[in-house]
Amino acid sequence: MKYYRKLLEKLSFQFLVLCLALYSPAGLSQDPVLAGRVVATRGTVTAQDPNGGTRSLARRSEIYVGDTIVTDAASFAQIRMTDSAIVSLKETTRFEIVAYSYEENPTTDESTMRLIEGGFRTITGSIGTNNRDAVNVETEFATIGIRGTDHEGVIDGVLFTGVYDGGTELENDGGFLELG
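Each residue of the sequence shown is one higher than the one before, starting from 0 at the first, in numbering that gives the first Met the number 0.
Check each hint, because a few of them may be wrong.
Said to hold, decoys possible - Cβ-Cβ distance ranges computed for the label pairs, FRET-style:
id, residue 1, residue 2, range
1, THR128, ALA72, 28 to 36 Å
2, TYR63, GLY173, 30 to 38 Å
3, LYS89, TYR63, 18 to 26 Å
4, LYS89, ASP164, 36 to 44 Å
5, GLY156, GLU103, 38 to 46 Å
6, ALA39, ASP164, 31 to 39 Å
No lab work stands behind these hints, which were simulated from the structure alone. Every value quoted in this text rests on a predicted model; they were computed, and no experiment measured them. All C-beta atoms, glycine included, are put in the ideal place defined by N, C-alpha and C.
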């Protein structure tokens with residue numbers, strides 16, 4: 000009887016070790032959060048998810064929080080975010096959806112994106128209309144905050160930004176600049 004008890008304790012311990020070894024927090028992750036859908040593409044456009052997976056994008060493809068959208072040379076993409084904002088990506092662009100939440104609540108809605116390389120143009124949707132401080136585009140040079148509805152940014156060794164309607168704010172360690 001003592002032998003079986005020791006054997007059972009040993010097997011229970013080994014089972015526990017096996018369970019801990021197989022445990023993966025990624026398996027418990029929540030479903031991806033929808034940020035928008037592709038309206039149009041030309042050329043090669045892909046999305047890289049936070050886990051390193053890559054998928055080709057075409058019209059109606061879903062874009063999720065954490066995705067980095069990549070356009071190759073002679074390619075572009077246009078995305079409609081769930082708050083009806085439009086984001087157009089130029090060729091040779093890497094653009095990440097860092098944080099995005101739209102629940103029609105101006106105090107909690109947010110849109111934070113990152114231009115890694117290339118260029119974009121965007122027209123503000125409901126998030127920016129209801130809470131201008133909730134929309135930002137980060138770059139290695141500065142953070143672009145919106146103060147209007149239609150603007151663009153391009154990285155070509157430095158950051159170029161333009162405003163077609165409304166205004167933007169640029170902020171970095173060097174200071175703060177309002178444009179528009």
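Subject >> Range hint 36 to 44 Å (beta carbons of LYS89 and ASP164) holds or violated >> reply: 19 Å, violated
Original post:
Can the suggested window of 28 to 36 Å be confirmed for the beta-carbon pair THR128 and ALA72?
Top reply: 34 Å, holds
Original post:
Do the beta carbons of GLY156 and GLU103 sit within 38 to 46 Å of each other?
Top reply: Since GLY156 and GLU103 have Cβ atoms about 40 Å apart, the given range 38 to 46 Å holds.
Original post:
Per the hint of 18 to 26 Å, is the separation of the Cβ atoms of LYS89 and TYR63 within bounds?
Top reply: 22 Å, holds
Original post:
Holds or violated: 30 to 38 Å for the Cβ distance of TYR63 and GLY173?
Top reply: Holds, since TYR63 and GLY173 (Cβ atoms, about 33 Å apart) stay within the stated range.
Original post:
Is it true that the C-beta distance of ALA39 to ASP164 lies inside 31 to 39 Å, as the hint says?
Top reply: 22 Å, violated
Checked against the numbered hints given earlier, this structure breaks hints 4, 6; the rest are met.
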